[in-house]
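Work out the full structure, taking the sequences as your base and the hints as a guide.
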Amino acid sequence: MAKSKSAYSIPGKKQKLDTHIIVVWVDNEAGVLARVVGLFSGRGYNIESLAVAEIDSKLNISRITIVTTGTPQVIEQIKLQLKKLVPVHKVADFKREDKNVIFKEMALFKLRSNKKKKEKALKACKKFNVVILDETKTSYVLQVTALRREIDSMSKNLLKYGLVSTSRTGAVAMTRGAEIFK
Amino acid sequence: MSKIYSGAEIVFKCLEDQGVENVFGYPGGAVLPIYDELKNHQSVKHILVRHEQGAGHAAEGYARSTGKPGVVLVTSGPGATNVVTALTDAYMDSVPLVCISGQVPTHLIGTDAFQECDTTGITRPCTKHNWLVKDVKDLAKTIHKAFEVATSGRPGPVLVDIPKDIQFQKTKYQKYSKLKKLNGKGKNLFSQKEIDELIKLMSNSSKPVFYTGGGVINSGPQASTLLRELVSITGFPITTTLQGLGSYPGDDNQFLGMLGMHGTYEANNAMYECDLMINIGARFDDRITGKLDEFSPKSKKVHIDIDPSSINKNVKVDLPIIGDVTDVIKATIKTISKRKLNFSKSNRQKISKWWEKIQKWRSIKSLDYINSEESIKPQYAIERLYELTKNKETFITTEVGQHQMWAAQHYKFNKPNRWMTSGGLGTMGYGLPAAVGVQVAHPNKLVIDIAGEASVLMTMQEMSTAVQYSLPIKIFILNNEYMGMVRQWQELLHDKNYSESYTAALPDFVKLAEAYGCVGIRAKTPEELDDKIIEMLNTDRPVIFDCLVDKEENCFPMIPSGKPHNQMLLGPKDQKNNKISGKGKTLV
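Same order as they appear, the protein sequences are chains F and A.
Its first residue numbered 2, the first sequence is counted upward by one per residue in the working numbering.
Its first residue numbered 24, the second sequence is counted upward by one per residue in the working numbering.
Because the hints were derived from the structure by calculation, they are not lab data.
Some clues are possibly wrong.
Claimed, not checked - Below 16 Å or equal to it, Euclidean Cα-Cα: the simulated EDC-like pairs (lysine to aspartate or glutamate) are: (1) K96/F - D19/F; (2) K128/F - D99/F; (3) K157/A - E30/F; (4) K574/A - E396/A; (5) K208/A - D28/F; (6) K336/A - E77/F; (7) K339/A - E77/F; (8) K85/F - E171/A.
Here the structure is a predicted model, which is why all the values come from computation and not from measurement.
Structure follows, in structure tokens:
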């Protein structure tokens with residue numbers, strides 16, 4: 002090994018990365034999203050997707066759902082660092098594989114095609130709560146809700162049926178059963 | 024109907040309510056309404072600095088030497104950007120600061136107005152929290168909350184950005200009422216179970232060590248008193264980080280000195296070989312741990328910290344205890360005295376072999392250096408300064424570099440809040456303005472900035488502040504004409520390629536002192552050093568002391584790059600004893 006010329010330590014072994022869904026309840030105030038996102042970029046954490054909206058207009062609370070990857074140590078740091086932010090109320094964390102949690106993303110697809118191809122396209126999306134939101138003689142807009150990888154494969158699949166534009170949200174999450182996260 | 028006040032008046036009413044006595048600042052267009060109001064509030068004294076960075080560091084010095092939050096007042100745009108270094112410094116070293124900045128009027132925000140900048144955007148990553156006040160009704164509440172955030176939990180800097188129109192608008196004043204809860208961010212999350220677990224580990228250990236940091240000092244003077252008690256009843260050795268110096272008496276026999284990159288041989292070896300490490304208020308910084316994979320491989324690690332995010336950040340620990348250091352130590356001592364009356368005795372026997380080992384490491388005398396009769400060795404200068412000032416109540420600040428490490432190694436602190444240095448961020452230029460702040464807080468005490476000639480030039484303008492307010496700070500410059508630490512690394516790591524680390528056109532510091540209206544003293548030889556230091560101490564005015572030291576002295580011992588604690592590089596004296604040639608110095 003070459004002699005290190007740095008007074009900083011060399012990086013340790015690379016650990017396995019897990020995908021986690023982090024849910025953050027925050028005060029809906031100016032700059033709060035920038036604080037959360039800035040924490041991720043400033044400390045070198047990943048953001049795979051992000052969804053945010055106000056969920057309680059009375060208490061002024063927004064719910065941010067972030068899909069991220071990291072080593073167990075990094076995921077732990079993300080949660081602890083988020084909890085330190087002044088406008089953050091609580092932080093929940095789920096593994097993507099967690100069977101007790103529902104994850105959903107929504108996508109809008111615009112396709113241009115003939116009738117035959119359209120039927121095929123609708124058939125291909127059948128499993129994913131497909132809704133036609135707009136129709137013209139030459140085009141139509143589909144809405145689907147599904148998992149990330151399902152939407153990934155759908156958007157690939159739909160190319161041959163005339164997909165011209167895709168718009169999709171980040172994942173949102175909720176636990177199954179009567180329990181809520183405290 | 025209750026009285027209504029302008030935004031500027033509300034700022035001062037808040038400061039008065041918070042018991043603020045001193046504000047460090049610099050006026051400008053966007054804070055003029057606040058400066059206009061200053062004359063009506065006698066209890067708040069304003070210290071006019073020469074650069075906003077100086078205001079920030081002065082407030083840091085004030086905060087660290089008193090335990091109270093430091094307050095900074097700056098204008099928009101460049102005023103705010105100039106204070107960013109100080110805010111980041113305070114963030115890294117957990118110093119409570121409240122920075123109030125002016126902003127362009129609300130209707131001009133976002134238009135690239137004169138002296139506008141996105142202050143809350145720029146300072147977001149270097150503050151605990153910041154606020155842009157868009158409604159005068161929120162102003163009082165926001166400033167009070169700012170003080171609460173800055174001083175609660177792990178302390179740190181906050182910033183309140185106030186647009187100029189808000190400073191003119193009028194509203195009622197809301198008095199300070201302590202918030203019950205900050206979004207569930209409690210400080211003590213530990214339980215008796217964890218204290219019991221800690222005591223169990225302590226009584227089973229045969230090679231324990233306390234590793235304590237700035238958290239002990241931030242927790243207040245009581246924490247240091249309790250720490251002394253805990254160390255005394257356990258009989259365990261203790262080492263402290265750079266920021267922890269003063270939390271335990273530097274001349275006590277159980278004290279192993281500072282640990283880390285330039286820590287003592289005994290402290291670092293104790294950290295490497297111990298079977299129980301009790302971290303109290305320190306954060307496993309990379310200057311402390313060295314190579315992480317080989318950091319203290321055989322020990323159980325306990326981490327006591329007020330900040331949950333410090334746990335397992337760099338080093339995985341076996342027992343985290345989240346809480347205020349004072350409360351945790353108090354609970355520990357209480358439990359020890361309640362349950363294990365003979366704890367100290369039995370333990371002392373158990374660890375006597377450990378102490379023998381430590382004595383062997385100690386006998387290496389890793390801080391020794393080869394003294395000279397011709398030139399002043401920097402270590403000797405610090406030693407003499409310590410000997411001649413140790414009987415006074417002395418506050419030491421430093422800049423960053425070799426002189427900082429020599430000061431940490433050779434100046435012994437017995438009390439907390441007497442040592443102010445930039446550790447986390449390593450800000451050259453910290454010490455002089457910090458000394459200004461310390462002297463403001465302690466007008467009749469001796470305040471010395473142990474400086475390097477390169478660092479001190481970065482904020483030299485604050486000498487003018489010291490002269491204006493008759494603050495008799497002493498700037499003790501170890502002048503080797505090099506950026507010493509840069510030069511040392513270049514010697515050891517970059518084949519002696521001294522790229523840009525020599526300052527060729529230094530000012531004459533004695534004449535510079537005279538130009539500022541203070542006193543300049545120069546010491547050239549070891550023989551005259553004591554007399555010159557005494558002359559400095561007897562001068563009741565600000566002094567710049569130009570101490571010409573050996574130009575090529577290196578700071579040892581040192582943990583070289585990427586090495587664990589047990590592979591320290593010792594100084595030239597030891598290398599000579601081991602018959603390592605002159606070249607040995609460069610074997611890193």
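Any hints from earlier that this structure breaks? Give me their numbers in increasing order, please. Going through the list in order, the structure violates hint 2 alone and respects the others.
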